[in-house]
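Chemist: Spelled out, the chains give:
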Amino acid sequence: MASLKPVANPSEDSTQVLQAKLHGFVNFLGDALIGMTSLEVNTMIVPEISGIPFNPIVAYRELYMIPSQLGEHAYFQDRRIPKALQDRYVRLRQRLASDDYHLLIGSSYPANVSLPDPDRDPERVHLLLQNFQFLHSLRRLSELKMALDQSSFDPEKLDMIYAQTSIHLHGEVTNRYHATVLNHIHKDVMLDLHHEGVAYAEKQWQGLLGFVLRLVQNIVNLPPTQLNSAASNGQRQSPPN
Amino acid sequence: MVKGNRPLISSPPQPKSSIFDTFDCQVRPQFAATQSEFDHSDLASKIQICLEQGQFAFYLHEKVLLTIQRSLIQPNSLSIAPRLLTRLQHYALLDETGYPQSGLTFCTYYSDRPFPDAQTPQTSSLQVSPFGDGDLVLKSVIAWDGNILHQICDRYLIHPQGRAIVSAHHWLVYQLLSQIPHPIAPPLKSLLWRLASIVMGLALLLCIPLLFIFPLAALLLIGLSCLVLLLPQRHRQVNRWLWRSLSARNPIQRDFATWVITQYFL
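Chain order of the listed sequences is A and B. Under the working numbering, the very last position in the first sequence is 241; numbers go up by exactly one each time. Under the working numbering, the very last position in the second sequence is 507; numbers go up by exactly one each time.
Okay, chain A solo, but in the shape it has when bound (with noise of 0.2 Å):
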């Protein structure tokens, strides 16, 4: 099957890779559906959306080439990144080694290790892309560094997430704003758009969740009724203990 053919490295035995695969696709789905505690809606108003297709080598890549402290570097000149967001950028690259990458590889490594180069170490980065929390830590730094590219320059723009809503497990429902959008001549408007996108997140949801669900199901092949009640039911479970 095409998608399981080594990435990283072709002249790697190929078993081998199938196998790491498959474990790390398991683990993946234990990670994701452990991790599952909350519905969580984020929107961001930005003046350009970057349309390129997500890549988590690329973007890794990418995200790793920012230098992690400030300063005079050539990574800023080239780029013409103006002072004012210099420390943005910086950020997004001290989250990416800090957010989970720390705890992921906690137990083994000294706490100061730093993140794999892509260049002189692609198995462990390839081995850490495989992780659903750092992956999906990546996305999103990875977005929010597509918008941060993309944003005019102006520092009353900037790209942020404005509202953010989640959805607990357990019923409780919190909402955060940033201040810029409450003072927003277009407040309503944004307030709306969010919410309409709540809304519909729970539906969407269900329907990519019920498709995990069932899938996972068959894996362990479970007797069916047992996730079927869980999959209709969506985030509505009763809380993890």
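Since the hints were made in silico from the structure, they are not lab data. Computed from a prediction, not measured in an experiment: that's the story for all the values here. Backbone N, C-alpha and C fix where the C-beta goes; we use that ideal spot for every residue, glycine too. Hints should not be assumed to be uniformly reliable.
Between beta-carbon pairs, the in silico distance windows are [stated by the list, open to error]:
no. : chain 1 : residue 1 : chain 2 : residue 2 : range
1   : A       : Gly171    : B       : Met441    : 37 to 43 Å
2   : A       : Glu72     : B       : Asn491    : 56 to 62 Å
3   : A       : Ala199    : B       : Leu468    : 16 to 22 Å
4   : A       : Arg120    : B       : Asn491    : 54 to 60 Å
5   : B       : Arg269    : A       : Arg79     : 44 to 50 Å
6   : A       : Arg61     : B       : Leu445    : 56 to 62 Å
Cβ-to-Cβ under 8 Å is the rule here; a few derived chain B residues that face chain A [unchecked claim]:
no. : residue
7   : Asp262
8   : Phe264
9   : Cys266
10  : Leu307
11  : Cys348
12  : Val382
13  : Asp386
14  : His400
15  : Ser408
Position chain B against the provided structure of chain A, taking the given hints into account.
Modeler: Just chain B now, kept in the frame of chain A:
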């Protein structure tokens, strides 16, 4: 819907061969009467959904927006091309590069005038859509752990069609996601039947010459091969054994299990 021995998730249909793939989807009216209404009105009942390197793209213009707005009032549904659903099934799990899916991406483009019909895929240029220009108004990334990120273009906050575009986008995403075909049960039982019949066939073939030389051995062979026939009845145990074998010490057992599982389950 799906035949017995099809892989659980169909293999990705060579993503590199064409960069832009378009699929025609039909708005299916809930009531028969409205079908003729579609046929006689200037509403577009056909919506083209584009698959661009693992991203789903909707190209909207006024006519399509009107159709979708009507669908929101009368609960019409979208009849999605089966080919698109198969790809959706694949992308729900793995992304274009074969890594686990970090979030399904849906983009909505809008243009005031209708998009020209899709040309033949342009393999030379990666960034040019066959539909030409249009503003990317809304992009949604939906991950199956429940994290959703919507990006909205700020110009469309004040655009007269802004609200309609956002509603149409959410409706289309909902239609796609609610129609992902469920993965079929593992076709292990039929696979085991096939294996058993092959083993029996081979045993019978071997038996004929053996009967003349060592009749006892031939009977023993037949007896042993009959045991294989028990396997299909025990498919649940076999399934469990396969998954357990993934962590077995014996490398041959481990490789065998990996091979079977990747071939038939993923």
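Chemist: So, for every hint listed, does it hold in this structure?
Modeler: Here is what the structure says about each hint:
1. A:Gly171 to B:Met441: 37 to 43 Å: 57 Å, violated
2. A:Glu72 to B:Asn491: 56 to 62 Å: Once the Cβ atoms are compared, 57 Å apart, the range 56 to 62 Å for Asn491 (chain B) and Glu72 (chain A) holds.
3. A:Ala199 to B:Leu468: 16 to 22 Å: 58 Å, violated
4. A:Arg120 to B:Asn491: 54 to 60 Å: Given a distance of about 35 Å, which is not inside 54 to 60 Å, the answer is violated.
5. B:Arg269 to A:Arg79: 44 to 50 Å: 48 Å, holds
6. A:Arg61 to B:Leu445: 56 to 62 Å: Given range 56 to 62 Å: holds, Cβ gap about 59 Å.
7. Asp262: Status violated, d = 13 Å.
8. Phe264: Hint violated; Phe264 (chain B) Cβ to chain A Cβ min 17 Å, cut 8 Å.
9. Cys266: 16 Å, violated
10. Leu307: 18 Å, violated
11. Cys348: Holds. Min distance 6 Å.
12. Val382: 6 Å, holds
13. Asp386: 5 Å, holds
14. His400: 10 Å, violated
15. Ser408: 7 Å, holds
The structure does not agree with the numbered hints 1, 3, 4, 7, 8, 9, 10, 14 stated previously, though it agrees with the rest.
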